[in-house]
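Q: Each chain, letter by letter, is given below.
Protein chains: 2
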Amino acid sequence: MLRPEEVVRDLRARGYLWENAPGLTGMRGPLATLYSSVSAAIAEIAAADSVETWRMPQGISFETLERAQYFESFPRWLTAASHLRDDEAVLERVAHATHPGNEAAKSLDVASTALPPAVCYHTYAALANTTIDAPVMMTAEETCWRHEGSRLSALERGWAFSMREIVFLGSVVGAEAFRQKDIEEVRSFAESIGIRASVVLAADPFFAPTSRGKAILQQVKALKHELVVDCPDGCSLAISSFNNHERFFGDAFGIRLNDGQPATTACVAFGIERWMLAILMTHGTDPANWPDLVGVASAARGISI
Amino acid sequence: MLRPEEVVRDLRARGYLWENAPGLTGMRGPLATLYSSVSAAIAEIAAADSVETWRMPQGISFETLERAQYFESFPRWLTAASHLRDDEAVLERVAHATHPGNEAAKSLDVASTALPPAVCYHTYAALANTTIDAPVMMTAEETCWRHEGSRLSALERGWAFSMREIVFLGSVVGAEAFRQKDIEEVRSFAESIGIRASVVLAADPFFAPTSRGKAILQQVKALKHELVVDCPDGCSLAISSFNNHERFFGDAFGIRLNDGQPATTACVAFGIERWMLAILMTHGTDPANWPDLVGVASAARGISI
Chain U
1 MLRPEEVVRD LRARGYLWEN APGLTGMRGP LATLYSSVSA AIAEIAAADS
51 VETWRMPQGI SFETLERAQY FESFPRWLTA ASHLRDDEAV LERVAHATHP
101 GNEAAKSLDV ASTALPPAVC YHTYAALANT TIDAPVMMTA EETCWRHEGS
151 RLSALERGWA FSMREIVFLG SVVGAEAFRQ KDIEEVRSFA ESIGIRASVV
201 LAADPFFAPT SRGKAILQQV KALKHELVVD CPDGCSLAIS SFNNHERFFG
251 DAFGIRLNDG QPATTACVAF GIERWMLAIL MTHGTDPANW PDLVGVASAA
301 RGISI
Chain E
1 MLRPEEVVRD LRARGYLWEN APGLTGMRGP LATLYSSVSA AIAEIAAADS
51 VETWRMPQGI SFETLERAQY FESFPRWLTA ASHLRDDEAV LERVAHATHP
101 GNEAAKSLDV ASTALPPAVC YHTYAALANT TIDAPVMMTA EETCWRHEGS
151 RLSALERGWA FSMREIVFLG SVVGAEAFRQ KDIEEVRSFA ESIGIRASVV
201 LAADPFFAPT SRGKAILQQV KALKHELVVD CPDGCSLAIS SFNNHERFFG
251 DAFGIRLNDG QPATTACVAF GIERWMLAIL MTHGTDPANW PDLVGVASAA
301 RGISI
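Chains U and E supply the protein sequences, listed in that same order.
Each residue of the first sequence is one higher than the one before, starting from 1 at the first, in the working numbering.
Each residue of the second sequence is one higher than the one before, starting from 1 at the first, in the working numbering.
Calculated from the structure, these hints are not laboratory results.
A hint or two may mislead.
Keeping only pairs whose Cα atoms sit at most 20 Å apart, straight-line, the calculated EDC-like set for lysine to aspartate or glutamate is [what the hints assert, rightly or not]:
no.: 1; chain 1: U; residue 1: 106; chain 2: E; residue 2: 86
no.: 2; chain 1: E; residue 1: 106; chain 2: U; residue 2: 109
no.: 3; chain 1: U; residue 1: 106; chain 2: U; residue 2: 86
no.: 4; chain 1: E; residue 1: 106; chain 2: E; residue 2: 87
no.: 5; chain 1: E; residue 1: 106; chain 2: U; residue 2: 66
no.: 6; chain 1: U; residue 1: 221; chain 2: U; residue 2: 246
no.: 7; chain 1: E; residue 1: 214; chain 2: E; residue 2: 66
no.: 8; chain 1: U; residue 1: 106; chain 2: E; residue 2: 72
no.: 9; chain 1: U; residue 1: 106; chain 2: E; residue 2: 103
no.: 10; chain 1: U; residue 1: 181; chain 2: U; residue 2: 52
no.: 11; chain 1: U; residue 1: 224; chain 2: U; residue 2: 72
no.: 12; chain 1: E; residue 1: 214; chain 2: U; residue 2: 92
no.: 13; chain 1: U; residue 1: 214; chain 2: U; residue 2: 204
no.: 14; chain 1: U; residue 1: 106; chain 2: E; residue 2: 191
no.: 15; chain 1: E; residue 1: 221; chain 2: E; residue 2: 176
no.: 16; chain 1: E; residue 1: 224; chain 2: E; residue 2: 246
no.: 17; chain 1: U; residue 1: 214; chain 2: U; residue 2: 176
no.: 18; chain 1: E; residue 1: 106; chain 2: U; residue 2: 63
no.: 19; chain 1: E; residue 1: 106; chain 2: U; residue 2: 86
no.: 20; chain 1: U; residue 1: 224; chain 2: U; residue 2: 184
no.: 21; chain 1: U; residue 1: 214; chain 2: E; residue 2: 92
no.: 22; chain 1: U; residue 1: 106; chain 2: E; residue 2: 66
no.: 23; chain 1: E; residue 1: 106; chain 2: U; residue 2: 72
no.: 24; chain 1: E; residue 1: 106; chain 2: U; residue 2: 92
no.: 25; chain 1: E; residue 1: 214; chain 2: E; residue 2: 230
no.: 26; chain 1: E; residue 1: 181; chain 2: E; residue 2: 44
no.: 27; chain 1: U; residue 1: 106; chain 2: E; residue 2: 63
no.: 28; chain 1: U; residue 1: 221; chain 2: U; residue 2: 176
no.: 29; chain 1: E; residue 1: 221; chain 2: E; residue 2: 251
Using the sequences provided together with the hints, build the complete structure.
A: Written as structure tokens, this is what we have:
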């Protein structure tokens, strides 16, 4: 089994992978094809059970993140987008500058949108202040942005990366049943493509000065599990997470059930590039040895139901 | 035939479309499915002719845009990404703020990456300072960002939108042959799904104070064509463009042919949401009336070759 850094070194040597900046990774040839296959197989897992597919906006409002208490919980990851000030003099100065890139970076307007750090915040914002008559289940894959400073590394920890989530909104019992069922199905899918992985109790890396208590509660109540690849020399790679948020988002976004209570929510997340990395660590970087992913996802669901 | 604003109004009323901010659009239900079908059909057009599929990084360096003379040409569209300063005091201030979104927007570090305004700049950057022995053809679909101020509108003009490009690098003759062949194939594909559209001579909206001359040359030399939907009341919707850059990018990025000359490049671009809009203007917003897109793209290629 290869370690993550060996995989990335081999992929670079083969010309399959490059970076524009730490955590901003491009893929060519068989690696780009593997991305599509993994994305499609995971979409197939998510599409079962009459889950509705959404396509999310590529920006998320600061207000939505405030409502989700994002800034208290994960401020260090925040990434936002800004455009140049819409002022002819500024544009001319940039266009005429000797180093227009530097001039542009200094001339940006105040950021007017955040870039999404996760998929499911969009869901809660779209359903805010509504009453749901029946459980809602949706899925989407989206580019998410989390700046992790010097920890950024290709495939394992992108500044930008692709995340698919399946989100459930409904009753307390329904949310936990969804989460437990998906833990088994996703583990079964990983096994079916040769990935050795374990389901472990986990906690989010909450920002200690404001949110350490949340992590402790999360662990005590067993609200978060991760599917972690068993890898050599103590390296650790979480490829999916299974999260029960209890009534936190239902309450924060005013999403209520028929009985007037806040909805309970749960989500299952897949880091697409990490699933690719798990396949590459297990099967190596020669495309001839990669597993065929077509139809495997539905078979995994069939086995585990 | 519906006008773009009628399409968007109907989609909103059906609950299929929402915006987080002007130009940042989400899709639900059949509209999200239509996105996938259109994206897949256009990917099928692009995948012919042994074109290699790439997956692009979600950020592009300021240096690459400088090399492409982007700032002289299109400064007003520029969008960049910033993260919070990696300073514990800043993070604590944001996490504790009464309005953490505002505090975060004020506490961003200098932007360290631009967000891509087009797909093909990545290609030139990846191949910079190399000699190509045979023509290179590649394709990728990527989220692109262009801030168009008050002109932003759902589907028609996103701040973020999805663009697929097919890029050719090779000889003068090869580049123009690629462009002409694709003009016919893409027009044929549009016809096959009922879209009435015309191929027209076009020019990029270069920034006048520094680059007006480029637009004039482009028109005189007939280097850019667009496929424009024939729509009522003088509205105009360009859904694809076909561009011959002559040796501009080969020269700017040091990409040479075996004879030492700069490569000639050409690209064909598809605005995925605009293709969706063209389908919706033509066939209406009721999913029962939308054309089946599976296999249509390869048929269109078959007819026109």
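Q: If a hint holds in the structure, say so; if it does not, say that too.
A: Structure-based check of all given hints:
| no. | hint | verdict |
| --- | --- | --- |
| 1 | U:106 with E:86 | 19 Å, holds |
| 2 | E:106 with U:109 | 10 Å, holds |
| 3 | U:106 with U:86 | 14 Å, holds |
| 4 | E:106 with E:87 | 14 Å, holds |
| 5 | E:106 with U:66 | 15 Å, holds |
| 6 | U:221 with U:246 | 10 Å, holds |
| 7 | E:214 with E:66 | 16 Å, holds |
| 8 | U:106 with E:72 | 16 Å, holds |
| 9 | U:106 with E:103 | 19 Å, holds |
| 10 | U:181 with U:52 | 18 Å, holds |
| 11 | U:224 with U:72 | 19 Å, holds |
| 12 | E:214 with U:92 | 16 Å, holds |
| 13 | U:214 with U:204 | 9 Å, holds |
| 14 | U:106 with E:191 | 46 Å, violated |
| 15 | E:221 with E:176 | 12 Å, holds |
| 16 | E:224 with E:246 | 11 Å, holds |
| 17 | U:214 with U:176 | 19 Å, holds |
| 18 | E:106 with U:63 | 15 Å, holds |
| 19 | E:106 with U:86 | 19 Å, holds |
| 20 | U:224 with U:184 | 14 Å, holds |
| 21 | U:214 with E:92 | 16 Å, holds |
| 22 | U:106 with E:66 | 15 Å, holds |
| 23 | E:106 with U:72 | 16 Å, holds |
| 24 | E:106 with U:92 | 25 Å, violated |
| 25 | E:214 with E:230 | 27 Å, violated |
| 26 | E:181 with E:44 | 16 Å, holds |
| 27 | U:106 with E:63 | 15 Å, holds |
| 28 | U:221 with U:176 | 12 Å, holds |
| 29 | E:221 with E:251 | 19 Å, holds |
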